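Trainee: Chain by chain, the residues:
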Amino acid sequence: AQSVTQLDSHVSVSEGTPVLLRCNYSSSYSPSLFWYVQHPNKGLQLLLKYTSAATLVKGINGFEAEFKKSETSFHLTKPSAHMSDAAEYFCVVSGGKLIFGQGTELSVKP
Amino acid sequence: NAGVTQTPKFQVLKTGQSMTLQCAQDMNHNSMYWYRQDPGMGLRLIYYSASEGTTDKGEVPNGYNVSRLNKREFSLRLESAAPSQTSVYFCASSKTGGIPDTQYFGPGTRLTVL
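Those sequence lines, one after another, are chains A and B.
Mapping of the first sequence onto the numbering used here: residues 271 to 380, in sequence order.
Mapping of the second sequence onto the numbering used here: residues 9 to 122, in sequence order.
So these bits of chain A aren't anywhere near chain B, every CB distance computed over 10 Å:
hint: 1; residue: SER284
hint: 2; residue: SER296
hint: 3; residue: SER298
hint: 4; residue: LEU326
hint: 5; residue: GLU341
hint: 6; residue: HIS352
hint: 7; residue: SER377
Heads up, simulated DSS-like pairs for lysine-lysine below, C-alpha to C-alpha not over 30 Å straight-line:
hint: 8; chain 1: A; residue 1: LYS367; chain 2: A; residue 2: LYS328
hint: 9; chain 1: B; residue 1: LYS65; chain 2: A; residue 2: LYS367
hint: 10; chain 1: B; residue 1: LYS79; chain 2: B; residue 2: LYS65
hint: 11; chain 1: B; residue 1: LYS65; chain 2: B; residue 2: LYS17
hint: 12; chain 1: B; residue 1: LYS103; chain 2: B; residue 2: LYS79
hint: 13; chain 1: A; residue 1: LYS338; chain 2: A; residue 2: LYS367
hint: 14; chain 1: A; residue 1: LYS312; chain 2: A; residue 2: LYS328
hint: 15; chain 1: B; residue 1: LYS103; chain 2: A; residue 2: LYS367
hint: 16; chain 1: A; residue 1: LYS367; chain 2: B; residue 2: LYS17
hint: 17; chain 1: B; residue 1: LYS103; chain 2: A; residue 2: LYS338
hint: 18; chain 1: A; residue 1: LYS312; chain 2: B; residue 2: LYS103
hint: 19; chain 1: A; residue 1: LYS312; chain 2: A; residue 2: LYS379
hint: 20; chain 1: B; residue 1: LYS103; chain 2: A; residue 2: LYS328
hint: 21; chain 1: A; residue 1: LYS319; chain 2: A; residue 2: LYS339
hint: 22; chain 1: A; residue 1: LYS328; chain 2: A; residue 2: LYS379
hint: 23; chain 1: B; residue 1: LYS17; chain 2: A; residue 2: LYS312
hint: 24; chain 1: A; residue 1: LYS319; chain 2: B; residue 2: LYS103
hint: 25; chain 1: A; residue 1: LYS312; chain 2: B; residue 2: LYS79
hint: 26; chain 1: A; residue 1: LYS367; chain 2: B; residue 2: LYS79
hint: 27; chain 1: A; residue 1: LYS319; chain 2: B; residue 2: LYS79
hint: 28; chain 1: B; residue 1: LYS17; chain 2: B; residue 2: LYS79
hint: 29; chain 1: A; residue 1: LYS319; chain 2: B; residue 2: LYS17
hint: 30; chain 1: A; residue 1: LYS312; chain 2: B; residue 2: LYS65
hint: 31; chain 1: A; residue 1: LYS339; chain 2: A; residue 2: LYS367
hint: 32; chain 1: A; residue 1: LYS379; chain 2: A; residue 2: LYS319
hint: 33; chain 1: B; residue 1: LYS65; chain 2: A; residue 2: LYS319
hint: 34; chain 1: A; residue 1: LYS319; chain 2: A; residue 2: LYS367
hint: 35; chain 1: B; residue 1: LYS22; chain 2: A; residue 2: LYS312
hint: 36; chain 1: B; residue 1: LYS103; chain 2: A; residue 2: LYS339
hint: 37; chain 1: A; residue 1: LYS338; chain 2: A; residue 2: LYS328
Partial pick of chain A residues on the chain B-facing surface, computed with a CB cut under 7 Å:
hint: 38; residue: PHE370
hint: 39; residue: GLY371
hint: 40; residue: GLY373
Treat the hints as calculated values from the structure; they're not laboratory data.
Keep in mind it's a predicted model, so treat the numbers as computed, not measured.
The beta carbon of each residue, even a glycine, is placed where N, CA and C say it ideally should be.
Based on the sequences and whatever the hints tell you, model everything.
Mentor: This is how it looks when you write it as structure tokens:
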């Protein structure tokens, strides 16, 4: 069985400071992993995905995530937060069907 | 190229009423999905259609039915709405349904059942 746990339900950062959204996964085989972003009252948009190629994955809007098999983690980072990054972020593991984490709400203070 | 579209955007129902949520995609994708999103629970799969002519249950299918009308359209029906079905419903599509296929999401339908 596969599962995903987002370790923080809410993260607050100041504009211009780094962003770290944490995600741990459980999978009986090599997983495919995704990060999706959902802006208020909008649908979900793919930020990036890991498919067993490079362990450091670059996505849109300056986000990246590193797959660490030994730690079963797939944390999302961005060097410098922007006000427009305020949204909800979902870590997702795929085993055919998508299994979503509970979501992390990111707030960005001016 | 509109991607995935959903209608309606908002709906209020009374308990016991029925309604159909519509979804269409113009990306020539084979697979389509219906999810519900509830606070603190991420998205949960209700039904999916791996290809035209097939449908399968997801994690939370009770109280719902689906129809894959053609390759473009996938509808979700609530036959007798219940307050527990108050949620935001998302339709998604993907090219093949395989791993690691990217799913593309519509803007959602916000449903309230009184």
